[in-house]
Structure formats: C-alpha cells, structure tokens
Amino acid sequence: MNINDLENKALWLRQELFEMVIKQKKGHIPSCYSCVEVMVALYYGGIVNIKHGYPQDPDRDRVIVSKGHAAMVQYPILADFNFFPKSELLKFTQSGGLLGMYADYRIPGIEGISGSLGHGIGMGAGFAIAARHDGKKYQSYIILGDGECYEGSIWEGAMFAAHHKLDNLVAIVDRNALCILGETEELLSLGDLENKWRSFGWETFTVDGHSFNELLPAFEKIKQVVGKPSVIIANTIKGKGISFMEGKSEWHNRMPNLEQMAQARSELGL
Amino acid sequence: MSVTNESSPQLMRDIVINSIAKAAKKDKNILFISADLGAKSLDDFRRDFPNQFIHAGISEQNMVDLASGLALSGKRVFLYAMAPFITARCYEQIKCVIASMGLPVTLISVGVGLGYDHATLTHFTPEDIACMRALNGIEVLTPSDAESTEVIIEKAIAEPKFRYLRLDRQGQLPIYNGNFRPNMKVGFSHIIKGKQLVIVSCGALMNKVLAAREKLMFEGMDVGIIDLFRVKPINGRELSKALNSYNAILTVEEQLLDGGMGSAITEMLADYMILKPIKRLGMRDGFSVVNGDRDQLHDLYGIAVSDVIKAVNELYQR
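Chains as they are written, first to last, in my numbering: chain F, 1349 to 1618; chain D, 2 to 319.
No lab work stands behind these hints: they were computed from the structure.
We put the CB at the ideal spot given by N, CA and C, even for glycine.
Hints are not guaranteed to be accurate.
[To be verified] A few chain F residues that face chain D, going by a derived Cβ cut-off under 8 Å, partial list only:
id	residue
1	Tyr-1453
2	Ile-1455
3	Pro-1456
4	Gly-1457
5	Ser-1464
6	His-1467
7	Gly-1470
8	Met-1471
9	Gly-1472
10	Gly-1500
11	Gly-1505
12	Ala-1510
[As the list claims (entries may be wrong)] Mimicking EDC-like on lysine to aspartate or glutamate, the simulated pairs with C-alpha atoms at most 16 Å apart in a straight line are:
id	chain 1	residue 1	chain 2	residue 2
13	D	Lys-96	F	Asp-1452
14	F	Lys-1571	F	Glu-1594
15	D	Lys-29	F	Asp-1452
16	D	Lys-280	D	Asp-294
17	F	Lys-1439	F	Glu-1367
18	D	Lys-26	D	Glu-148
[Said to hold, decoys possible] DEER-style ranges, computed between Cβ atoms:
id	chain 1	residue 1	chain 2	residue 2	range
19	D	Glu-93	F	Glu-1598	47 to 55 Å
20	D	Asn-52	F	Lys-1485	15 to 23 Å
21	F	Gln-1611	D	Glu-268	51 to 59 Å
22	D	Asp-259	F	Ser-1559	43 to 51 Å
23	D	Ala-24	F	Ser-1591	31 to 39 Å
24	D	Ala-120	F	Tyr-1498	51 to 59 Å
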C-alpha cells in the first residue's frame, strides 16, 4: 500500500472503532486512536507477516497490544484479515459475542490476554526465545503505553531481552504523554524514554507516531538490527482524529454526548 | 559436622530437578527457569542442558510473563524460586497470564511455610496455600517426603497443567515405604487408620504429626493420620468419606489459619453438609520476628508436637 492508501486505512480504522464504541458505550477511543497509524503500518505497511484467514500460521509474526485498554484497535484489522466474521465487530462486549473490551487470547489473532499493564515485554520475550529455540524466523511486536512504562516489570523484561540479544523482539511505545489523571510529565515524569531504553541495551528510534513516512522506515531499519531488541518511541496524540478529544486526559473513557457525536462523525467523515 | 552427610534425607528440590532433567533429555520443549535459586542438581542440569535452562534474574514478575509467552509457543515450563518470591511477589502475573489462560506452567516453590526459619518474616510463606489455592484452575501439590516428591513430580511431568508444587527446604524423613503411588489418584493418603479421631496435615508437619501419634498411643489414643498432599482440587468425595468414619477431626498446618489447608477441609465438609467436631491448628495473627530454628518457631506459634497432643486431648474430652 502507498502512503495515501495507508492514510485511508487509518481513517477506516478510526471509523470502525468509533462505531463499535458508540454502539455499546464501551471502550477507550483516545487510547486506540493514538496508536492507529502504528497498527496500520504494521499490518498494512508490509511490516508483519500475517496471512489472511490463517491466524494459526506457526510462522506468523506475533503482535501484542500490551496496553490492553486499546486492544480493540486490533479487532477491525483482524476481521479484515478474515480471522473472524465482521459481524462480530457489532457484538463487541455483548454476551455471546467473541470480542471483549480487553483482548482475550481465544480471539483468533490475539496472542495473549491483556488488560493488566506491564506483561507484554515478558510475554513477548517468551515468544522471541521460543522462536529462537524452534529455529523460527518470526518477529514479535509489542505495543506499549507510555504510562505502562511506569510498571517495573517492563524494565525487568527490557533487561532480560537485551541480555538475550532478542533481535526478534520489537517494542513500540505509544508516547501520547497522558494517563488517566493527566500528563505523565506532570504526574510522575517518565523522562527521556529513548535514553532509558537505550541504556537497557535496546536499539532505539523516535518517530512521529502518526506519520507513515517516519514509521515505515523505522520498522524497515529494525529488520536490519542484529544482536539486540529494538524499540520505537512513537510520539503520538491521544485521541488523534477527533479534535475535542486530542490531548485531553479526561476523554480516556468518557462517551461523547449527541452534539459531540455529530461533530466527531463529521470529523471522521462518517 | 557436615549438614549434608550420607544419612540426611534427599532434598525435595534435587529429586524434582533430577526428574525434570531425565524428561528434558527426551523432550527439548521442557524449559527450566530459575529466579536465582540453586541446587546441587541444578548445577548438573545447567551443565547438561544449557539450551533448556534460563536464568531469569531476580525478576520473578518477568519470569512469569516470560513463561506465558513460552507456554503459548508450546514450551513446557518449570519455574523455580524461593517460596515467597514465586507466590505473593508475582501473584498478579500468575493470575493474569498463567491462570487466566490455563497455561501448563509448573511453579516450583522451595522453603514453604517456615522453611527459611532464621530468615524470618520476609522469607516465610504463612499464606502460600491460601493465596495459591485461590487461583483459577490451579493444582496445589505438597509432598511430605522423598518418595511422595518423586511420584508427584513424575505425574506433573507426564500430565502438563497449571500447577503449584510446594517443596520443603529441608529433606524430610521417609513417611512412605514404597506405598505412596496408589494414593496419587486419590489426592490424599490415609496413612494410618485410627479410631474416633483423625489428624489431617501435609508437607513438613507430617513427621511431627506422626511423632505426636506415637506419644498418643502411650496415652491409649489410637488416632488416624491423613496426608493431604493435594490441597487443590481437594477430593471431596473420598476425603469426606474418610473423615466421616471418625468422630472428630484435627487439622495441623504450618500456615495462617485464614484460608489454609484446614480452611479447605472445613469448606469441603460444609459443601458435603457434614457436621463434625473439628479443630484447626496453625498460625494465628500477631506472630512476629523471633530468632530461632523451625522447632522453636513451631513451639512459639503453637504447632509443635506438644500442641498436637494437647489438641487431640481436648477433642477426646469433648
């Protein structure tokens, strides 16, 4: 896909997510929207090896949205890859439906359970070690929240992955600089995240997380990195795509009223 | 005097690791991960199977997350650490990524209860049975001597599932004499059939309970003894039958009474609507840091042989 197609795909993903959340009044729009371009780059930008209709492919790349409150960002993509019927999207969080508010490992295309923060790097390191053990070439991509980097287990995992030179492990930090109560740098400073990861032995990249022109070359470069895991610090805007939600922590899990809904629809081209 | 002379009972951890080593030779998917706890047998394992051993660092949280990724990739993972650190320290990880997905990971816990006697409170696990049996779908196994350890680990290797294996730090005097195996299926051993009263215990306290029984025999009391080596799932059907053949029950454990083995038994009896005099011996709130060896701690915390004898007498006099 060219950049224009990817941008259209990103808009499509925001539209799908909006409809899912609004229909059920459940889910976290802003957390999903900040990592939309990252996900689209991975799945549609020629980065991950995932075959349509074949979620159990033993050679597939593993994609884990460790910031579990945004795991639903994968659902429309996985349906688009024919991993389950598109009709499931409309049954999001409904009794009898496949798709929950947080990702469930039984959903085709979801590699592990999420919802509690801080598990993705360790779990991903497990996939990466197993791949090496089995002589497999697949990569594991872990999407972390920046707020998730407050969890100590992230850094335990970071140290472990660097020691084992897991160049088949890639982390993407969705650096939207917000958590529920406000701005990370005001609440409890995360500081220079790139430096922190680098000092743990990771190859680091910092990009505009909404720019395919920056994301795709970074992912391509990572494929050439040997002997260490890589991390992309993706600077993003929480709620990107709906102007009144952008950069506003109070929208973490709030639902728009009728007027706001109309405005959001108009901005999303719905 | 050497601590590990020829006559010392074999350490449970060595039995377990040697069995896993045998299996690892045949199955390359077996991985053993330690959070910096060693063993003589582990030195051999690391030498013989460098590709099947991982040092997790003193990072139990990451160790459990790592295990989930490995298990999801078809690996058979055994995690190994000191009891306090492989339970409460990484409980959230065990709950979220192992229990929630029912992954076949075995948690091997060394030094349960008061095993690290001189290390005191940070190293005690007076709550490990309570917290681990509260996990969804877990099997909790607690061998009492070398023979039961060997049969239990054999089964754990043969039938992978989510398990918590409680090992004592010290080698335990033999309780079984080649006769443990048939009990494996039942989940408990009715070691001695007695009259009127039965004592249920597990793990390192089994030898103390048997010593108490010897003394009670002199006082004319012929009590039964049950080793509840599988605390979860408890075999309610068979255990309730066995307990129902007595007039009174005494449970003895090296755990806080809240949620421990005695709790599991009383819950089971309630479920089976069996009303029977029952007394639980175990640790109670308020225990504090005291220097002393394990026997001294048992005296202090009310779970010594003399406490067992006293409790039996009380139940008899009822």
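Hint check:
| no. | hint | in the structure |
| --- | --- | --- |
| 1 | Tyr-1453 | holds (5 Å) |
| 2 | Ile-1455 | violated (12 Å) |
| 3 | Pro-1456 | violated (14 Å) |
| 4 | Gly-1457 | violated (13 Å) |
| 5 | Ser-1464 | holds (5 Å) |
| 6 | His-1467 | holds (5 Å) |
| 7 | Gly-1470 | holds (2 Å) |
| 8 | Met-1471 | holds (4 Å) |
| 9 | Gly-1472 | holds (6 Å) |
| 10 | Gly-1500 | holds (7 Å) |
| 11 | Gly-1505 | holds (5 Å) |
| 12 | Ala-1510 | violated (11 Å) |
| 13 | D/Lys-96 to F/Asp-1452 | holds (14 Å) |
| 14 | F/Lys-1571 to F/Glu-1594 | violated (32 Å) |
| 15 | D/Lys-29 to F/Asp-1452 | violated (29 Å) |
| 16 | D/Lys-280 to D/Asp-294 | violated (26 Å) |
| 17 | F/Lys-1439 to F/Glu-1367 | holds (11 Å) |
| 18 | D/Lys-26 to D/Glu-148 | violated (22 Å) |
| 19 | D/Glu-93 to F/Glu-1598: 47 to 55 Å | violated (28 Å) |
| 20 | D/Asn-52 to F/Lys-1485: 15 to 23 Å | holds (18 Å) |
| 21 | F/Gln-1611 to D/Glu-268: 51 to 59 Å | holds (56 Å) |
| 22 | D/Asp-259 to F/Ser-1559: 43 to 51 Å | violated (56 Å) |
| 23 | D/Ala-24 to F/Ser-1591: 31 to 39 Å | violated (60 Å) |
| 24 | D/Ala-120 to F/Tyr-1498: 51 to 59 Å | violated (31 Å) |
Taken one by one, the earlier hints fail for this structure at numbers 2, 3, 4, 12, 14, 15, 16, 18, 19, 22, 23 and 24, listed in ascending order.
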